[in-house]
Amino acid sequence: REQVPDIPFQMLLRGANAVGYTSYPDNAVYKFCELAVQHGMDIFRVFDSLNYIENMRLGIDAVGAAGGIIEASVCYTGDVLRSEKEYRYTIDYYLQLVRELVRHGIHVLNIKDMAGLLKPRAATMLITALRSEYPDLPIHVHTHDTAGAGVAAMIACAESGADAVDVAIDAMSGMTSQPSMGAIVAALQGTSLDTGFDLQQLELINDYWEQCRQIYAPFESGQKSGSSDVYRHEMPGGQYTNLLFQSSQLGLADRWPQVKRSYAEANEILGDIVKVTPSSKVVGDLAQFMVTNNLSKEDVLAEAENHSFPSSVVEYFQGYLGIPTGGFPEPLRSQVLKGKTLPNGKQTFDGRPGAEFPPIDFCAVKRELEELYGIEGSDTDAISYVLYPDVFKEYKQFVQKYGDVSVLDTRAFIIGLVEGEEAKFDVSNGVTYYITLKHVGSVNDDGTRDVYFDFNGHERIITVEDSSASTASSKRAFATTDLGSVGAPMPGVVVAINVKEGDVIKRGEPLAVLSAMKMETVVAAPCDGTVGHISVSVGSNLSPGELLLEVVPRE
Numbered sequence: 115r116e117q118v119p120d121i122p123f124q125m126l127l128r129g130a131n132a133v134g135y136t137s138y139p140d141n142a143v144y145k146f147c148e149l150a151v152q153h154g155m156d157i158f159r160v161f162d163s164l165n166y167i168e169n170m171r172l173g174i175d176a177v178g179a180a181g182g183i184i185e186a187s188v189c190y191t192g193d194v195l196r197s198e199k200e201y202r203y204t205i206d207y208y209l210q211l212v213r214e215l216v217r218h219g220i221h222v223l224n225i226k227d228m229a230g231l232l233k234p235r236a237a238t239m240l241i242t243a244l245r246s247e248y249p250d251l252p253i254h255v256h257t258h259d260t261a262g263a264g265v266a267a268m269i270a271c272a273e274s275g276a277d278a279v280d281v282a283i284d285a286m287s288g289m290t291s292q293p294s295m296g297a298i299v300a301a302l303q304g305t306s307l308d309t310g311f312d313l314q315q316l317e318l319i320n321d322y323w324e325q326c327r328q329i330y331a332p333f334e335s336g337q338k339s340g341s342s343d344v345y346r347h348e349m350p351g352g353q354y355t356n357l358l359f360q361s362s363q364l365g366l367a368d369r370w371p372q373v374k375r376s377y378a379e380a381n382e383i384l385g386d387i388v389k390v391t392p393s394s395k396v397v398g399d400l401a402q403f404m405v406t407n408n409l410s411k412e413d414v415l416a417e418a419e420n421h422s423f424p425s426s427v428v429e430y431f432q433g434y435l436g437i438p439t440g441g442f443p444e445p446l447r448s449q450v451l452k453g454k455t456l457p458n459g460k461q462t463f464d465g466r467p468g469a470e471f472p473p474i475d476f477c478a479v480k481r482e483l484e485e486l487y488g489i490e491g492s493d494t495d496a497i498s499y500v501l502y503p504d505v506f507k508e509y510k511q512f513v514q515k516y517g518d519v520s521v522l523d524t525r526a527f528i529i530g531l532v533e534g535e536e537a538k539f540d541v542s543n544g545v546t547y548y549i550t551l552k553h554v555g556s557v558n559d560d561g562t563r564d565v566y567f568d569f570n571g572h573e574r575i576i577t578v579e580d581s582s583a584s585t586a587s588s589k590r591a592f593a594t595t596d597l598g599s600v601g602a603p604m605p606g607v608v609v610a611i612n613v614k615e616g617d618v619i620k621r622g623e624p625l626a627v628l629s630a631m632k633m634e635t636v637v638a639a640p641c642d643g644t645v646g647h648i649s650v651s652v653g654s655n656l657s658p659g660e661l662l663l664e665v666v667p668r669e
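Using the numbering used here, read the sequence shown as starting at 115 and increasing by one per residue.
Honestly, the hints are just simulated from the structure, not real lab data.
Please read all numbers here as calculations on a predicted model, not as lab measurements.
Mixed in with the good hints there might be a few duds.
To be verified - No more than 16 angstroms apart at the CA atoms, straight line, and that leaves these computed lysine to aspartate or glutamate pairs for EDC-like: (1) Lys452 x Glu417; (2) Lys614 x Asp580; (3) Lys480 x Asp493; (4) Lys507 x Glu482; (5) Lys460 x Glu470; (6) Lys507 x Glu484; (7) Lys620 x Asp564; (8) Lys510 x Glu482; (9) Lys454 x Glu419; (10) Lys552 x Glu533; (11) Lys454 x Asp642; (12) Lys480 x Glu490; (13) Lys411 x Asp368; (14) Lys452 x Asp642; (15) Lys614 x Glu664; (16) Lys199 x Glu214; (17) Lys233 x Asp140; (18) Lys552 x Asp540; (19) Lys233 x Asp193; (20) Lys538 x Asp523; (21) Lys452 x Glu623.
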């Protein structure tokens with residue numbers, strides 16, 4: 115902010131979900147917005163992942179109280195060109211949402227087309243209807259170019275009365291990014307909407323970003339072209355490449371087309387919902403769960419009570435994200451939640467979840483941080499801990515173990531050195547480390563490796579954990595078809611074991627929690643009984659079907 119004082123900064127605010135994946139107490143959302151404005155944020159693009167107006171109102175009020183600019187977003191999904199009588203995402207649906215937002219005192223309206231579903235004709239119809247009813251309301255449109263129709267759609271928006279559309283410089287545009295800035299500027303030259311931008315000047319900027327993109331090529335997703343099947347699965351652009359990477363990490367890379375088809379089925383199972391973080395994560399988690407376990411839509415609906423669904427799916431049905439348009443699908447919701455309760459003892463939230471949470475005591479949070487880490491917690495530390503408790507703890511533990519790794523260059527930190535390579539690290543003023551990697555040993559029985567290197571001319575050796583080496587997984591037994599034999603429903607790491615041997619449990623009671631690529635799955639008891647042998651511990655890496663524990667069924 116100090117270096118860029120005169121250009122407005124904009125951020126996304128997920129309404130009552132703030133910048134997280136769940137709902138928070140109201141005062142946490144207010145505190146975050148207050149601190150964001152204090153640190154230089156100007157415009158808040160406020161949206162809700164289900165277009166749930168009550169969640170949006172909280173975000174709008176929090177931004178207003180902090181003195182920020184409220185750009186309220188209506189998330190676009192489906193297709194307003196569809197004519198089925200019972201179809202919900204119509205022009206009237208969007209107009210009604212906007213009316214409620216305008217009544218609540220917004221400054222700017224944003225149409226957030228997170229999946230790139232807004233076709234040119236649909237754009238004309240929607241923006242024309244909005245501009246007709248609100249001739250003076252600033253309208254800003256955001257889209258992704260997954261299908262390749264983004265340039266045409268944004269020009270249609272501009273011609274229909276939109277004030278601004280989001281684009282990306284050519285080298286960074288297309289596919290799941292925004293439409294090409296150069297293409298739109300060139301297409302509008304000589305028209306009443308001529309931007310006045312000099313294409314030759316844009317080329318100079320584009321040259322810079324072309325070079326940057328080459329440097330970061332190792333981090334590319336591997337996507338080579340647009341994909342019009344987005345109109346079928348409706349996957350947000352921001353999720354598309356993430357889910358592609360996650361699928362690869364879960365061993366589903368060769369089944370990516372099936373993941374996309376299952377994503378569409380998962381959306382139907384959940385009730386054809388608006389899909390943007392965090393609701394899109396619910397759909398993505400369910401899709402990967404279905405592919406991993408070879409489940410069809412019919413399988414899920416027929417056997418819902420027998421599956422250990424990802425935590426995000428369970429929490430969605432409990433109402434942690436709010437209420438979707440049209441309500442929750444039944445009897446699926448009741449089947450998924452059978453035997454599950456919220457911390458307050460209820461099975462579901464009645465409306466906006468945050469309204470039922472007690473306020474955060476930030477003074478107590480700061481005292482807790484001081485006890486945990488010996489630091490005088492700042493306001494930003496406190497809100498970071500409240501919004502991202504696990505991430506904050508992991509970060510602090512990392513810093514305590516490794517120190518300040520910002521002195522490492524990006525490539526050395528992410529990829530590491532190759533044998534024989536020397537690297538220079540300026541640790542502080544006048545302090546420089548010269549490190550040459552000599553040799554990395556093979557995996558030891560305990561999953562560690564010996565690393566040999568020269569440090570400022572002196573030979574050193576350290577033993578490090580290799581998190582990619584699973585020494586025990588191949589030796590584990592697999593679950594059988596017996597009722598009490600509980601196996602891993604997905605690949606992942608055991609992050610919690612909720613029972614101990616000898617515990618008497620009921621069907622549906624949580625036994626353990628697995629985590630893989632931000633997707634957590636609670637493994638539930640398949641029957642009433644007693645916990646027998648537990649085959650794993652926290653930190654165990656598991657493949658699908660490997661034995662977690664045995665339950666002795668109650669006769």
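Evaluation of the provided hints:
no.: 1; hint: Lys452 x Glu417; result: holds (13 angstroms)
no.: 2; hint: Lys614 x Asp580; result: violated (29 angstroms)
no.: 3; hint: Lys480 x Asp493; result: holds (8 angstroms)
no.: 4; hint: Lys507 x Glu482; result: holds (12 angstroms)
no.: 5; hint: Lys460 x Glu470; result: holds (11 angstroms)
no.: 6; hint: Lys507 x Glu484; result: holds (13 angstroms)
no.: 7; hint: Lys620 x Asp564; result: violated (46 angstroms)
no.: 8; hint: Lys510 x Glu482; result: holds (13 angstroms)
no.: 9; hint: Lys454 x Glu419; result: holds (11 angstroms)
no.: 10; hint: Lys552 x Glu533; result: holds (5 angstroms)
no.: 11; hint: Lys454 x Asp642; result: holds (15 angstroms)
no.: 12; hint: Lys480 x Glu490; result: holds (7 angstroms)
no.: 13; hint: Lys411 x Asp368; result: violated (20 angstroms)
no.: 14; hint: Lys452 x Asp642; result: holds (14 angstroms)
no.: 15; hint: Lys614 x Glu664; result: holds (11 angstroms)
no.: 16; hint: Lys199 x Glu214; result: violated (24 angstroms)
no.: 17; hint: Lys233 x Asp140; result: violated (37 angstroms)
no.: 18; hint: Lys552 x Asp540; result: violated (21 angstroms)
no.: 19; hint: Lys233 x Asp193; result: holds (8 angstroms)
no.: 20; hint: Lys538 x Asp523; result: holds (10 angstroms)
no.: 21; hint: Lys452 x Glu623; result: holds (10 angstroms)
The structure fails hints 2, 7, 13, 16, 17, 18 (numbered hints given earlier, in ascending order).
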